[in-house]
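K.L.:
Letter by letter, the chains look like this.
Number of protein chains: 2
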Amino acid sequence: MQTIRVDTPSARYEVYAGSGLLATLAPRIERAGIIFGGRLPRRVFVLTSPEIWALWGETFSQSFAQSPIALFLPSGEKHKTLASVEKLARQMIVAGADRGSLLIAFGGGIVGDVGGFLAAIFMRGIPYVQVPTTFLAQVDSSVGGKTGVNLPEGKNLVGSFHHPLAVFADIGVLGTLSGRELRAGLMESVKAGIIRDRALVRFMEENFEAILARDPKALEKVIAASIRMKAGVVNRDERESGLRMILNFGHTLGHAIEQVTRYKVLLHGEAVGWGMVAALHIAHLRGTITASQADRLENLIHLYGPLPALKLNAAKLVAATGADKKNIGGVRRFVLPVGIGDAGVVEDVSANELLDAAKYMLAQTAPDRAPNRTVERKAR
Amino acid sequence: MQTIRVDTPSARYEVYAGSGLLATLAPRIERAGIIFGGRLPRRVFVLTSPEIWALWGETFSQSFAQSPIALFLPSGEKHKTLASVEKLARQMIVAGADRGSLLIAFGGGIVGDVGGFLAAIFMRGIPYVQVPTTFLAQVDSSVGGKTGVNLPEGKNLVGSFHHPLAVFADIGVLGTLSGRELRAGLMESVKAGIIRDRALVRFMEENFEAILARDPKALEKVIAASIRMKAGVVNRDERESGLRMILNFGHTLGHAIEQVTRYKVLLHGEAVGWGMVAALHIAHLRGTITASQADRLENLIHLYGPLPALKLNAAKLVAATGADKKNIGGVRRFVLPVGIGDAGVVEDVSANELLDAAKYMLAQTAPDRAPNRTVERKAR
Numbered sequence: 001m002q003t004i005r006v007d008t009p010s011a012r013y014e015v016y017a018g019s020g021l022l023a024t025l026a027p028r029i030e031r032a033g034i035i036f037g038g039r040l041p042r043r044v045f046v047l048t049s050p051e052i053w054a055l056w057g058e059t060f061s062q063s064f065a066q067s068p069i070a071l072f073l074p075s076g077e078k079h080k081t082l083a084s085v086e087k088l089a090r091q092m093i094v095a096g097a098d099r100g101s102l103l104i105a106f107g108g109g110i111v112g113d114v115g116g117f118l119a120a121i122f123m124r125g126i127p128y129v130q131v132p133t134t135f136l137a138q139v140d141s142s143v144g145g146k147t148g149v150n151l152p153e154g155k156n157l158v159g160s161f162h163h164p165l166a167v168f169a170d171i172g173v174l175g176t177l178s179g180r181e182l183r184a185g186l187m188e189s190v191k192a193g194i195i196r197d198r199a200l201v202r203f204m205e206e207n208f209e210a211i212l213a214r215d216p217k218a219l220e221k222v223i224a225a226s227i228r229m230k231a232g233v234v235n236r237d238e239r240e241s242g243l244r245m246i247l248n249f250g251h252t253l254g255h256a257i258e259q260v261t262r263y264k265v266l267l268h269g270e271a272v273g274w275g276m277v278a279a280l281h282i283a284h285l286r287g288t289i290t291a292s293q294a295d296r297l298e299n300l301i302h303l304y305g306p307l308p309a310l311k312l313n314a315a316k317l318v319a320a321t322g323a324d325k326k327n328i329g330g331v332r333r334f335v336l337p338v339g340i341g342d343a344g345v346v347e348d349v350s351a352n353e354l355l356d357a358a359k360y361m362l363a364q365t366a367p368d369r370a371p372n373r374t375v376e377r378k379a380r
Numbered sequence: 001m002q003t004i005r006v007d008t009p010s011a012r013y014e015v016y017a018g019s020g021l022l023a024t025l026a027p028r029i030e031r032a033g034i035i036f037g038g039r040l041p042r043r044v045f046v047l048t049s050p051e052i053w054a055l056w057g058e059t060f061s062q063s064f065a066q067s068p069i070a071l072f073l074p075s076g077e078k079h080k081t082l083a084s085v086e087k088l089a090r091q092m093i094v095a096g097a098d099r100g101s102l103l104i105a106f107g108g109g110i111v112g113d114v115g116g117f118l119a120a121i122f123m124r125g126i127p128y129v130q131v132p133t134t135f136l137a138q139v140d141s142s143v144g145g146k147t148g149v150n151l152p153e154g155k156n157l158v159g160s161f162h163h164p165l166a167v168f169a170d171i172g173v174l175g176t177l178s179g180r181e182l183r184a185g186l187m188e189s190v191k192a193g194i195i196r197d198r199a200l201v202r203f204m205e206e207n208f209e210a211i212l213a214r215d216p217k218a219l220e221k222v223i224a225a226s227i228r229m230k231a232g233v234v235n236r237d238e239r240e241s242g243l244r245m246i247l248n249f250g251h252t253l254g255h256a257i258e259q260v261t262r263y264k265v266l267l268h269g270e271a272v273g274w275g276m277v278a279a280l281h282i283a284h285l286r287g288t289i290t291a292s293q294a295d296r297l298e299n300l301i302h303l304y305g306p307l308p309a310l311k312l313n314a315a316k317l318v319a320a321t322g323a324d325k326k327n328i329g330g331v332r333r334f335v336l337p338v339g340i341g342d343a344g345v346v347e348d349v350s351a352n353e354l355l356d357a358a359k360y361m362l363a364q365t366a367p368d369r370a371p372n373r374t375v376e377r378k379a380r
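Protein chains in written order, with the numbering used here: chain A, 1 to 380; chain B, 1 to 380.
Pulled out of the complex, with its shape left as it was, chain A reads as follows (with noise of 0.2 Å):
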């Protein structure tokens, strides 16, 4: 088990990484939850799907003393409301919730998000506990406090920022992930290599079989790099003012893709590898990387696909940029990689560089192109 240490202005917690977590979390928590005095409150909440539990909810629950109470979010983004989080609300209070109960999200990104939100507001705040069982919400959604809910208009777009008390990772879950997901929550951690872990997108390239064979120690490695980069970040920059922007490269045509397909066609990550494609022939002719770095960092992403391909109108991912919300008073900021294992952001990319990128990336995404292949390109 690898122990990170997220510490940020507002919140000091634990992120756990390991295998064989899930059949003792009660204790875990109790030794974590130091607001409790070393004790599990009176009534735990545990928000899952229905879908997970079947495959979990009896490992899960053997370290509790009392079960903890369940509560069902479907799955499906389309479940990422407003609507139910009053009904979570709703459920608790009926059970007997009060302000020192705990919550405790047990799923994927969804889950994550909507259990920490729903803690976030619950009774002006509760506390809660992640324990993710994707690999993206491993790596991804479970540092960094951000919670929330979509709206009909975007995603994301009203929430909070709220920490848990504690993280746990367990590699073990992710056995009953499919093939895809995983593939998908790996983009995340080849972003973490190219922004900021140049030993990670070594290590990446140099183990892709042993990852993508779920071999235990391999993910575990993969896993506890990329969280203790988006710590490292979050810990410099809470509020995404600055550094946490970095944490957003490959997302600009990311998102676009995402808000183009309606969320129905890729996978987060799948839109975000895609995301990095397009970011990185834009740092490619900036210079930022060289053509060779850019080679290599492409033929990664493809290591860990193959992507679904894509039939789409550039234009139309252009003009859907415009509207992503971390855009701050219309200026576009975009990140670039510098080298490898490092970025940067900049307020000056053009809707023309953006058209281009995105010309280049959809001419990747043609069905007939092998996948895993080895794209080279010319230097400037």
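These are computed hints drawn from the structure, not numbers from a lab.
Mixed in with the good hints, there may be bad ones.
What the hints assert, rightly or not - Derived DMTMM-like pairs: lysine to aspartate or glutamate, alpha-carbon spacing no greater than 20 Å straight-line: (1) K221/B <-> E205/B; (2) K87/B <-> E77/B; (3) K155/B <-> D98/A; (4) K87/A <-> E153/B; (5) K78/A <-> E51/A; (6) K155/A <-> D98/B; (7) K264/B <-> E153/B; (8) K316/B <-> E353/B; (9) K221/B <-> E181/B; (10) K87/B <-> E153/A; (11) K221/A <-> E209/A; (12) K311/A <-> D356/A.
Add chain B to chain A, keeping to what the hints say.
P.N.:
The following block gives chain B in isolation, referenced to the frame of chain A:
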């Protein structure tokens, strides 16, 4: 004009109380809104009620170079819901709101609570300003950072702590308030005096005619003293772990009355008025105040009456106190005045004492009792 500083671990801002603030709002916000670098952001939204906007919209807008975008919340507690918040958030998105937008909550307590919560969760938090238009909102709900909405199961069950950039309490706006609303609001000032400000008790005893006639100087003094009391408490105990609990004086049975009457019969201040009558009875029986102090304080409450008569069952009221979310883990905390101008919290008030108090209070509510009458207790 009086200026009261609110200074908590998570926020620092000023509350301004005086005449003529509304017509000069824009430059005042620019001076207070340090995060904007001295300028209003591109998009300013104002959440208000149709009634308030019809009366005061023109005055409100006149100091803005560009009129704020008005959002409307219909009057009434039944609109204080997550559904309203979602609708308003969607309207903001459609109108181009981003993370740098400013929201002004311009109305009574419900507009303040909903507006503050909307600002708390819109894109995970945007800045907001409170411009309360009722006496109650000016002295109570605009200080302390509590925001939120109701669930069918109870009031304020979901919400956030989110402090405004500044609060502007314009005395002039109180001119259009109904007499009943003014008197109900003044119960909060009576409460402020009883628990924390002996001089305010005396001022309200000696100047009740000027106060009820809405003399601007008298009102400014009462409002500023009440805000100062609350700010002083909140400054020292932001999250209601201890000291802040005393602000709940009169609320145990006050909330019970509101619940049993489904929030339809009494204004909040009126319910708190009756709740204070009940709490004074317990304080007298326990000896934390003398009989003559109890009489004096109960008379002060009736001076700002008449409180509406109640026909309720005492046992039902006591049962309703058990559901109060302020009771942590089933312990019944109760605020008792200690002399005049001080108060403490006890945890051992029994159901029998509450029943006695409820019966005493209900006996005072008989409709044949004259308004503004003088009570007199026998010493124990």
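K.L.:
Now look at each hint and say whether the structure bears it out.
P.N.:
Checked hints:
1. K221/B <-> E205/B: Satisfied, since the Cα-Cα distance of roughly 13 Å is no more than 20 Å.
2. K87/B <-> E77/B: Holds - the C-alpha atoms of E77/B and K87/B are around 16 Å apart, at most 20 Å.
3. K155/B <-> D98/A: holds (14 Å)
4. K87/A <-> E153/B: Measuring from Cα to Cα gives roughly 11 Å; hence the hint holds.
5. K78/A <-> E51/A: Holds. K78/A to E51/A sits at ~16 Å (cutoff 20 Å).
6. K155/A <-> D98/B: holds (14 Å)
7. K264/B <-> E153/B: Distance of about 15 Å is within 20 Å: holds.
8. K316/B <-> E353/B: holds (14 Å)
9. K221/B <-> E181/B: holds (18 Å)
10. K87/B <-> E153/A: holds (11 Å)
11. K221/A <-> E209/A: holds (14 Å)
12. K311/A <-> D356/A: holds (16 Å)
Consistency note: the structure conflicts with none of the earlier hints.
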